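Each chain, written out:
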Amino acid sequence: QKEVEQDPGPLSVPEGAIVSLNCTYSNSAFQYFMWYRQYSRKGPELLMYTYSSGNKEDGRFTAQVDKSSKYISLFIRDSQPSDSATYLCAMSVTGANNLFFGTGTRLTVIP
Amino acid sequence: GAVVSQHPSWVICKSGTSVKIECRSLDFQATTMFWYRQFPKQSLMLMATSNEGSKATYEQGVEKDKFLINHASLTLSTLTVTSAHPEDSSFYICSAPKVERTGELFFGEGSRLTVL
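If you're matching them up, the sequences are chains A and B in order. Under this note's numbering, residues 1 to 111 are what the first sequence spells out, in order. Under this note's numbering, residues 112 to 227 are what the second sequence spells out, in order.
Just so you know, the hints here were simulated from the structure itself, not pulled from any lab data. Small disclaimer: the values here were computed from a predicted structure and weren't measured. Treat the hints with care, as some may be off.
What the hints assert, rightly or not - Using 30 Å as the maximum straight-line C-alpha spacing, the simulated DSS-like pairs for lysine-lysine come out as follows:
1. A:Lys70 <-> B:Lys131
2. B:Lys209 <-> A:Lys70
3. A:Lys42 <-> B:Lys175
4. A:Lys56 <-> A:Lys42
5. A:Lys2 <-> B:Lys125
6. A:Lys70 <-> B:Lys166
7. B:Lys166 <-> B:Lys209
8. A:Lys70 <-> B:Lys125
9. B:Lys131 <-> A:Lys67
10. A:Lys42 <-> B:Lys152
11. A:Lys56 <-> B:Lys209
12. A:Lys67 <-> B:Lys152
13. A:Lys70 <-> B:Lys152
14. A:Lys2 <-> B:Lys175
15. B:Lys131 <-> B:Lys166
Working from the sequences, and respecting the hints, build out all of it.
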């Protein structure tokens, strides 16, 4: 079983839709959770960072962590064509030196 | 703006030659940097951890003599792909934590290597 599971998609939504992206994990010791956005042929860009459980909101983005279910989510409200990218979840026990990535979900927002 | 700068963004070289990729942390010091490799439509694979002033730590299966890493200063790490072959063609990405002991990791723009 992989440490982190993420549906690769692809996922296509109309502009303005609410997007839900999810990852599950097996290691209950994970306590740092991140979402990255990666445009084609570019390095990943840190979108959201959460420590332990709970919700975090930043503009149109909301990250949720449910440690009891070993499940994290990223919600994108009022999705825009510019949100079209691959979204990677990542998590760690101790910090940046041991990060486990999901395979990424490719999202397309159709105008 | 970008906090980690990577150069070159793309490079084409002949088989057998060596290629150096630079990774710089901007406006902060990074005692540790990470080098990843990414194949098309796949996730990031950690290759090695670059440590300032000491030897890099390589992940299992990564040839240290092929992928030379040097972390000579607190803001610069380099990855040299030696005697490159077509199978080394890939997207190489460096990263650095801006705040130690947390998971916030910032990535460079990536370097696409094509070996002919």
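So, going through the hints one by one against the coordinates:
no., hint, verdict
1, A:Lys70 <-> B:Lys131, "40 Å, violated"
2, B:Lys209 <-> A:Lys70, "26 Å, holds"
3, A:Lys42 <-> B:Lys175, "25 Å, holds"
4, A:Lys56 <-> A:Lys42, "25 Å, holds"
5, A:Lys2 <-> B:Lys125, "36 Å, violated"
6, A:Lys70 <-> B:Lys166, "35 Å, violated"
7, B:Lys166 <-> B:Lys209, "21 Å, holds"
8, A:Lys70 <-> B:Lys125, "46 Å, violated"
9, B:Lys131 <-> A:Lys67, "41 Å, violated"
10, A:Lys42 <-> B:Lys152, "13 Å, holds"
11, A:Lys56 <-> B:Lys209, "20 Å, holds"
12, A:Lys67 <-> B:Lys152, "28 Å, holds"
13, A:Lys70 <-> B:Lys152, "25 Å, holds"
14, A:Lys2 <-> B:Lys175, "26 Å, holds"
15, B:Lys131 <-> B:Lys166, "17 Å, holds"
Against the hints set out earlier in the document, violations occur for numbers 1, 5, 6, 8, 9.
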